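Each chain, written out:
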Amino acid sequence: MSVAANRRRVDPDPAFARAFEEAASRLPGARFPELATARERAIARFVELGIPTQRDEAWKFTPVARLVNRPHAVRPPSEPPLERVLPHLLGGPKARRLVFVNGVLQPQWSHVGGLPERASIESLARVLETRPTAVLEELAEPDQGRSFTALNAALTDCGAWIELSPGTELADPVQLLFLTVAGASAPMSHPRIVLRLGAGARLALIESHVGLEPGPALTNLVFGARLQEGATLAHDRLLFQAAEAAFVGRAEVHLGGASRYEQTTLALGGALLRSESEVSIEGGEVECRLCGLAVPREGEHVDTFVRVHHRAPASHSDQLFKSVVEERGHHAFAGKIFVHPGAQRTNAYQKNENLLLAEDGEVDVKPELEIYADDVKCSHGATCSELDPSALFYLRARGLDAATARGLLTWAFAAELLGRLADPSARAAARRALAARLPAGAPADEEAAA
Amino acid sequence: MATALDTVKDYTEAEYKYGFVTPVEEDRFPPGLDEDVVRRLSAKKGEPDWLTEWRVAALRRFFAMEIPDWQKVRFHPIDFQAISYYAAPRQKERPRSLDEIDPEIRRTYDKLGIPIREQEVLAGVAVDYVFDSVSVATTFKRKLEELGVVFCSMSEAVREHGELVRRYLGSVVPPGDNIFAALNSAVFSDGSFVYVPKGVRCPMELSTYFRINAAGTGQFERTLIVADEGSYVSYLEGCTAPMRDENQLHAAVVELVALDDAEIKYSTVQNWYPGDKEGRGGIYNFVTKRGACRGKRSKISWTQVETGSAITWKYPSCILQGDDSVGEFYSVAVTNNRQQADTGTKMIHIGKRTRSRIVSKGISAGHSDNTYRGLVRILRSAEGARNHTQCDSMLIGDRCGAHTVPYIEVKNRTAQCEHEATTSKISEDQLFYCRQRGISEEDAVALIVNGFCREVMNELPMEFAVEAKKLLGISLEGSVG
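Those protein sequences? They're chains D and W, same order as listed.
Position 355 of the first sequence, counted from 1, bears residue number 355 in the numbering used here, the numbering being contiguous throughout.
Position 352 of the second sequence, counted from 1, bears residue number 352 in the numbering used here, the numbering being contiguous throughout.
None of these hints come from the bench; they were simulated from the model.
Taking lysine-lysine and the DSBU-like style, the derived pairs with C-alpha atoms no more than 35 Å apart in a straight line are: (1) K351/D to K411/W; (2) K411/W to K336/D; (3) K351/D to K352/W; (4) K425/W to K336/D; (5) K411/W to K60/D; (6) K336/D to K377/D; (7) K60/D to K352/W; (8) K336/D to K72/W.
Covered stretches of chain W, going by a simulated chain D footprint (3 or more residues, C-beta under 8 Å): (9) 390-402; (10) 406-416; (11) 420-426.
The model shown is predicted, which means the values in this text are computed figures rather than measured ones.
Built from N, CA and C at the ideal position, the CB exists for glycine as well.
All chains should be modelled from the sequences, with the hints used to inform the complete structure.
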């Protein structure tokens, strides 16, 4: 390795390896030697890879080591009171749900009963105990130099394994709720979500990551989904971390022919929110829609990293990512559309709009196209500015005071993404969180309507 | 449809017309690079001590640097020790009039379609002819001198205008900027120097014509243009090279400085030998071009038409330091066969109300790869800055690649940035529309491709547009008929 390449990584805090040694024996599935060996290999790999610095192109805008490279505790116990958890239970009264606190499953709030025969929803800890070889296969997936994926493989202890056989439809959504109670212990958790949708299966998934107390914490998620022919997945993601907490998440989604995938991520809180999505379109007639809203403020940093691979002809992908950057907020967006050779008749679009409202905020954008087929329509657009002065003037001329006018325009800009969430209760929760973040809140009549 | 594409291909695949070698006697160093070579080069050119030491310091930095790996272009490692760092047509001394130029060299320029004398009289363009890194002729000098415009070879500038050169050389592109700039700073052999005094509007286009002739060499020229307060200059650059199986390195540095209210317009038609269809040979065009808008209301505009070179890897950039300064970048990059291009621009907004505009058109055919890579950076101080970027790519054939990699970094909320990019092939609807109105398929393709590049071609100065037509193996304007 050359000198230049070395500076792209820093050595992880030795506390990671210590935490692994200390926790290894009590991780689910520890009694299976193959699993234990795989985990040991993974932690060694993490130490070898190190934590990326800003010299690593994929982390160019994000000082991840500064926020993450410090001692954390594995699964510190915590019992938040029900009334603090209740507002985050989404998906309606009939939703199935797994709830975790600092990486530990909370059976009292979880239920996945009454499933059709050909569907299964299991907590990952249970699968680690009952079907370790299945998880082994997942962990053996090459990390491609991603140290956080290796760290997750070493320490993963929570999350879910969801399988729907061909043709199975779940009428009600499934919610995976990951609660972090930071307190004094700086917890870290490494959830892994595995999703298999058979041909024509349908699922609405709500993935929530919520911080209940401010303080250092790390959530390091790996999400992997495979959709067979004609399957549909609506994927709502709510990232409501508390102050000082970091979230590093990677979603890898494989889409078979004529499948439909809609992902909407609302990043509303957390010192660092890094969400990577890598979608691979492997059949024709696929509809893929990725959306996101980030509202960083007060030193928060949101990093959205998207890759869409068109590997088969005649599919469609559409991206819409927005940000409202308030004081000392920082939003980084790197999105790439990759059209592989032979993926003719691809339509791929990407739009990135940023509202920079604060003098000390920062927006960094890198929308990329890499195209190896000629019969395609691909485009991207990116903008960054303050509120449009002529729109402000229009509202002022109609008697609105400056603050109301600004609030109204900001809300209108951001609220477009609320409408992209598939689940109404997720939409309501996101609306509340967004209103709390924007200085003028939600417009009065909208609140009444909600 | 097939016919239409064939038509474009015919032109993009047209044989390189400027691939001949001129048999001139030359004076050259044996291959190799060390401090001694640099000192000998400097001594041969009779340079002052400060420049010799500046070169040596740059060489030390060069040896400490590595070729980066972030670029899209791929090439075999370059053996810097196998290159001869000085090659010049042998002549007793610099000719005093155009009649004294070596007839072989004159014939070369005649063959290229730019006879030195005719050019001078007909086009009214002042030209500096650089043959294997050494300036062989500069036309129209006297006329320019009357206005106080300095237009001469870099070697001459070092002798006659040492203080000006010393003040500005390396001030925009410092020797340690990147590995090729470091190499150039150490071994540059010649180039052009322009100084336009206060308030002078240069009455004619200034032009440099570059020609690589010798084998086993590289070309390392250095251009420095300083536009003093309230002045204006338009500068043109053209280039060709013989066909060879080896890859030759062209690592030039161009520095522009615009003071208060000054404007520099820099146009390039780059037609270095691109290699053959299998990608053998061709020029590695690794050039550092950067302009500094130091003064208030200054303006720098880059226009480039890139059709040649096996690999084009360059980012003509603007540092918008002065308040209300303007940077522009217009580019057409055509790649074909195994050519690779990774080009774009950087706009660094520092001053208040600075504005920049980027228009990039990429056309890829054959097995080529064409990348636009650009940076728009708006610093906290750049109150009210404005940027608009548009990059469009057109693909001809299904084995080529078109890529767009823009970086946008904004630290000031009053700034407005817009970026848009599209990729497509020639629209069948547009073709159909033209055909329906009785326009032949060939003309229709020409019309559409021409329309695709129009915004950039319009920016080329008139005189150059004529020359560009001759120089370009493919002319987008007349690509059919």
